[in-house]
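A.B. asks: Position chain B relative to chain Z; hints supplied.
One-letter residues, chain by chain:
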Amino acid sequence: MGQTLAEKLISSHAGRTVHAGELAIVSVDGVMTTDATGPFTLQAFHELGGKSLWDAEKVSIILDHATPAPNERISNLHQMLRDFAQDMGCHFYDVGEGICHQLMVENEHVKPGDIFLGADSHTPTYGALNAFSAGVGSTDLAAVMLTGKTWLKVPETIQIELVGELPAGLSAKDIILHLVGKVGIAGATYMSVEFTGETIHDFTLASRMVLANMAAEMGAKAGLVDPTGLDLWYDFTPTLADCDANYVQKHTVHVSELKPQVAIPHLPSDVHDIDTIGEVKVNQAFIGSCTNARLEDLQMAAQVLRGKKIASGVRLLIAPASRKVFNDALADGTVSILSEAGATFMTSGCGPCVGTLGGIPADGDVIISSTNRNFRGRMGNPNALIYLSSPAVVAASALTGEITHPAEVMDSAKTWEIR
Amino acid sequence: MVRAKTHVYGDNIDTDRIIAGKYTKTLDMSTLAAHVLEDLDPKFRERMQIGDVLVAGHNFGTGSSREQAPIALKTAGVSVVIARSFARIFYRNAINIGLPVVEVANHQIEQGHEVEVDLSAGIVINHSTGEKYTATVMPRVMIDILQAGGLINYLKIHNDYQL
Numbered sequence: 000m001g002q003t004l005a006e007k008l009i010s011s012h013a014g015r016t017v018h019a020g021e022l023a024i025v026s027v028d029g030v031m032t033t034d035a036t037g038p039f040t041l042q043a044f045h046e047l048g049g050k051s052l053w054d055a056e057k058v059s060i061i062l063d064h065a066t067p068a069p070n071e072r073i074s075n076l077h078q079m080l081r082d083f084a085q086d087m088g089c090h091f092y093d094v095g096e097g098i099c100h101q102l103m104v105e106n107e108h109v110k111p112g113d114i115f116l117g118a119d120s121h122t123p124t125y126g127a128l129n130a131f132s133a134g135v136g137s138t139d140l141a142a143v144m145l146t147g148k149t150w151l152k153v154p155e156t157i158q159i160e161l162v163g164e165l166p167a168g169l170s171a172k173d174i175i176l177h178l179v180g181k182v183g184i185a186g187a188t189y190m191s192v193e194f195t196g197e198t199i200h201d202f203t204l205a206s207r208m209v210l211a212n213m214a215a216e217m218g219a220k221a222g223l224v225d226p227t228g229l230d231l232w233y234d235f236t237p238t239l240a241d242c243d244a245n246y247v248q249k250h251t252v253h254v255s256e257l258k259p260q261v262a263i264p265h266l267p268s269d270v271h272d273i274d275t276i277g278e279v280k281v282n283q284a285f286i287g288s289c290t291n292a293r294l295e296d297l298q299m300a301a302q303v304l305r306g307k308k309i310a311s312g313v314r315l316l317i318a319p320a321s322r323k324v325f326n327d328a329l330a331d332g333t334v335s336i337l338s339e340a341g342a343t344f345m346t347s348g349c350g351p352c353v354g355t356l357g358g359i360p361a362d363g364d365v366i367i368s369s370t371n372r373n374f375r376g377r378m379g380n381p382n383a384l385i386y387l388s389s390p391a392v393v394a395a396s397a398l399t400g401e402i403t404h405p406a407e408v409m410d411s412a413k414t415w416e417i418r
Numbered sequence: 000m001v002r003a004k005t006h007v008y009g010d011n012i013d014t015d016r017i018i019a020g021k022y023t024k025t026l027d028m029s030t031l032a033a034h035v036l037e038d039l040d041p042k043f044r045e046r047m048q049i050g051d052v053l054v055a056g057h058n059f060g061t062g063s064s065r066e067q068a069p070i071a072l073k074t075a076g077v078s079v080v081i082a083r084s085f086a087r088i089f090y091r092n093a094i095n096i097g098l099p100v101v102e103v104a105n106h107q108i109e110q111g112h113e114v115e116v117d118l119s120a121g122i123v124i125n126h127s128t129g130e131k132y133t134a135t136v137m138p139r140v141m142i143d144i145l146q147a148g149g150l151i152n153y154l155k156i157h158n159d160y161q162l
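Protein chains in written order, with numbering that gives the first Met the number 0: chain Z, 0 to 418; chain B, 0 to 162.
Treat the hints with care, since some could be wrong.
BS3-like cross-link-like pairs, simulated, lysine-lysine; straight-line CA separation at most 27 Å [stated by the list, open to error]: (1) Z:Lys7 - Z:Lys110; (2) Z:Lys50 - B:Lys155; (3) B:Lys155 - Z:Lys152; (4) B:Lys155 - Z:Lys148; (5) Z:Lys110 - Z:Lys307; (6) Z:Lys308 - Z:Lys323; (7) Z:Lys307 - Z:Lys280; (8) Z:Lys181 - Z:Lys152; (9) B:Lys155 - B:Lys131.
Note that these hints are calculated values from the structure, not bench results.
With the rest of the complex left out, here is chain Z (with noise of 0.2 Å):
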């Protein structure tokens, strides 16, 4: 019997051929862990008797859920991590370097063929990278940083299939917002999701790691993307599935039928087309999150907003990914048409997505954000309305004061200006 992408890397790391419904013990590459479930994970590894790491090099621990530190009850909790980080020998990203998903991928640290956990829900991020990765809690991770392994139960497996192009306007946020809405909120639960079509072929890194990262809000534990057309900046074997693996569902999306995509709240499953949801005005918009804070997305919102100023009454927010994803965007100017617009940049981390720090909504407002969750109080008030939308959706509502279509307010909508 063939094999899935999942079946496939599990394998390679239990030392057997397993399918689908298995337990296996497997060996890990790599494990991350930050300040928002860092400090339990410390408290696990001591009371496990840890004394050190299993593999230094293998574990990296990063400051981004509430950077800078708001208190100093947070500050003292990040100076714990540094600490350990110190102590340990491990990598360590403090304050301001950027979202722990993307250091992991821009920094090397998990590969296409890896087994990766993090104690983060989106470590499934790296699928766009051909790796097996999984979100875990604080106890398991620190089980990884000891022992080297862990145990897990092989997945079944999704299967979507894209293809077509994608109309003016839509990016990867529409794609995967719309599975989310088809597939559900917990329809993976337990299950790798696998992307799979033509579409996916001339997909940058970036793009097809907005796919993958939300693979969590259908349940599932990982998100992998067929590694056809990947283009990196090191060279490596990809993984691929077999023709003849078992999946438990196949879904076909023709992306160009697609409308923008936005969900509404309190569910990032209930997913609707922009046209139907009616007029509704925002207060703030947010450009963020290890789902869409990239070098691409940055340039997006700009296409959009070149020379234009925002709506009066509406805060744009933007904390990019990574120091280098916001470095980029100075280079190449994306940096200045947003602020000129009238965009606040703020440091690179997760605190606006999850309500720790910074931008946090008034009673009644209304947000677009570029982020992966919207679930009540996530940004830090329960009495905020959070809209999900693609980043160039939410630069086209901040300049109009309303959800807007980008195709409605840009010059030329044809393509994407990706540099």
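C.D. replies: The following block gives chain B in isolation, referenced to the frame of chain Z:
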């Protein structure tokens, strides 16, 4: 064996509503417990008694990987969570910290019912209605982790994972 009153909620109770992100940056478990379910049911902490059972619909614990969510529930005194289904990271985290989670796909338990949960047999009895449910069977390794009181004790006892 647990016998206690229930607090019942619906589908898709996410980790942000179990414990909001703004409260998670701490190692103080009593702070977590103080804010548990705050945005979902501000009266929960007043009403609940130590040992009560939390009951939910589908996909309980969806969202974040924050282990603070099961820790907050356990520290607040919740003895067991029964749900029609669970989100995967929450489920694994709960077991890893020794909070019993029981999946009963077809339960009809309502607010205030008195239930008895036999964890080792995987049986839930609703004494308020007389109904008896069989829980989804967990893999052996999860049962062992739960019986050890969590993953830390499990690894101290077994030294390694045993499937």
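A.B. asks: Is Lys307 of chain Z within 27 Å of Lys280 of chain Z, Cα to Cα?
C.D. replies: holds, 19 Å
A.B. asks: Starting from Lys155 of chain B, check that the Cα of Lys152 of chain Z is at most 27 Å away, please.
C.D. replies: Holds - the C-alpha atoms of Lys152 of chain Z and Lys155 of chain B are around 22 Å apart, at most 27 Å.
A.B. asks: Does the alpha-carbon distance linking Lys50 of chain Z and Lys155 of chain B stay inside the 27 Å limit?
C.D. replies: holds, 14 Å
A.B. asks: For the pair we were handed, Lys181 of chain Z and Lys152 of chain Z, check the Cα-Cα distance against 27 Å.
C.D. replies: holds, 25 Å
A.B. asks: Does Lys307 of chain Z sit within 27 Å of Lys110 of chain Z, going by the straight-line distance between their CA atoms?
C.D. replies: Violated, because 40 Å separates the two Cα atoms, which is more than 27 Å.
A.B. asks: Hint check: Lys308 of chain Z vs Lys323 of chain Z, CA-CA at most 27 Å. Holds or violated?
C.D. replies: holds, 26 Å
A.B. asks: Straight-line Cα separation of Lys155 of chain B and Lys131 of chain B no greater than 27 Å?
C.D. replies: It is violated: about 36 Å lies between the C-alpha atoms, which goes past 27 Å.
A.B. asks: Holds or violated: Lys7 of chain Z with Lys110 of chain Z, Cα cutoff 27 Å?
C.D. replies: Holds, at roughly 15 Å.
A.B. asks: What's the verdict on Lys155 of chain B and Lys148 of chain Z, does the C-alpha distance respect the 27 Å limit or exceed it?
C.D. replies: Holds, because 15 Å separates the two Cα atoms, which is no more than 27 Å.
In summary, the structure is inconsistent with hints 5, 9 from the numbered list given earlier, while agreeing with the others.
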